[in-house]
Amino acid sequence: MSAAVFHFPEYKLTKLLRKPGGKTVADAVAEAQKGLGLLAGDCLAEVDKIIGELDPACAALGASPTREQLLALYEIAVRLVGLSSVAGLVELDRVAYSLCDLVDRMIVSERAALEPIMVHVGAINLLRQRREQLSEEALGQIAAGLRKVRDKYAGGDTPPAKDIGT
Amino acid sequence: MSIDVNSRARFNLKDANILLLERGIMDMEILVHILVGIGARNLTKCEKIEEAKTQVGKVNFDLAIVNAVLGPEDGYDFVSSVRRDAPEPNKFMPIIVVSGHTRAPHVVKARDCGAHFIVAKPLTPIILIERIFWVAHAGRSFVTTDKYVGPNRRFRFDGPPTGEVGRRYDDLKEDLGAAIEPNMSQDQIDALMLPRKVNL
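Chains as they are written, first to last, in the working numbering: chain A, 1124 to 1289; chain B, 40 to 239.
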């Protein structure tokens, strides 16, 4: 049981926010969105670059992925989260998050399966290349399918799971 | 705290010194575009923890926005080092951590690093405004213990979590004793609220 020492700092930020002038919330949001709009093209190019790194990282996994390989894959996938939304690919952002979750669970449980990873990476490629051709219903089905894949793996009942090599 | 995106309420970030610690060029650009859009001007951009630590030693910041994952480095460690070692007032500065995904082994680290808020990506302007307002106005005290330095996480004074023994020497026991007096009547309660004339 530790004795806690309390401080009561005054934040200068609180006073600065109240200074006269500034912007309304509506104007600030609109200007920030406009700025993000200008970045969409560059973000899309960066998303393509990251997907370009993702494919060979997956191809290198083999039947029994090592912890290092999975960590490397995670590091690539996590870069897609946030960036894809600004590029206008909101669904891809969610799939990238789901892939991070899946790979993280594999690393923690020390059991890996190639198939669910490939399904996620396939979905990422599909959403990047053919997003405009997919209906809302198809997008919903993809999201539900991936959730099922991820949750099934999380439940530990995936038969083809393999131990992570060391 | 939820803010209407069409709100006409004004706020001013023009004079705030903000430290940004982000890894990739595009992630930094996204953060900068949002902050400039919402009116911030004084931004100090760092890509490496060492660089950010040097800045924290030199400049007084009003806010820091830190990415949780900085390649092989870790944003949570940076926040912990600020809370433990930085000079005042930076030691107490509001810190928002942004995270694309939090790895399971890092959840406890994220909780205990001493950040004011952890925001999940994708980052949007309204979410950032809400969180900035929240950290600036919440009026949370700072607590220093052997294991944790940061904003008081019990800022609602709810005591230790239900069913758990408190870790602090001044935590009260969960069990309440029996009432020793009858309940107050409504008239007595109303009398407590009534304004009265006083001689000054």
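To be clear, the hints were calculated from the coordinates, so they are not data collected in a lab.
Owing to the predicted nature of the structure, the values given are computational and were not obtained by experimental measurement.
Mixed in with the good hints there might be a few duds.
Where chain B lies over chain A, by a calculated footprint (3+ residues, C-beta under 8 Å) [unchecked claim]:
1) 1128 to 1135
2) 1155 to 1163
3) 1179 to 1193
4) 1207 to 1218
5) 1241 to 1249
6) 1257 to 1267
Some but not every residue of chain B turned toward chain A, in silico, with C-beta under 10 Å [claimed, not checked]:
7) Val44
8) Asn56
9) Pro126
10) Lys130
11) Thr163
12) Ser224
13) Gln225
14) Gln227
For every residue, glycine included, the Cβ atom is placed at its ideal position computed from N, Cα and C.
Here is how each hint holds up against the structure:
no., hint, result
1, 1128 to 1135, "holds (count 7)"
2, 1155 to 1163, "holds (count 7)"
3, 1179 to 1193, "violated (count 0)"
4, 1207 to 1218, "holds (count 5)"
5, 1241 to 1249, "violated (count 0)"
6, 1257 to 1267, "violated (count 0)"
7, Val44, "holds, 5 Å"
8, Asn56, "holds, 9 Å"
9, Pro126, "violated, 13 Å"
10, Lys130, "holds, 8 Å"
11, Thr163, "holds, 8 Å"
12, Ser224, "violated, 37 Å"
13, Gln225, "violated, 36 Å"
14, Gln227, "violated, 34 Å"
The structure shown violates the earlier hints numbered 3, 5, 6, 9, 12, 13, 14.
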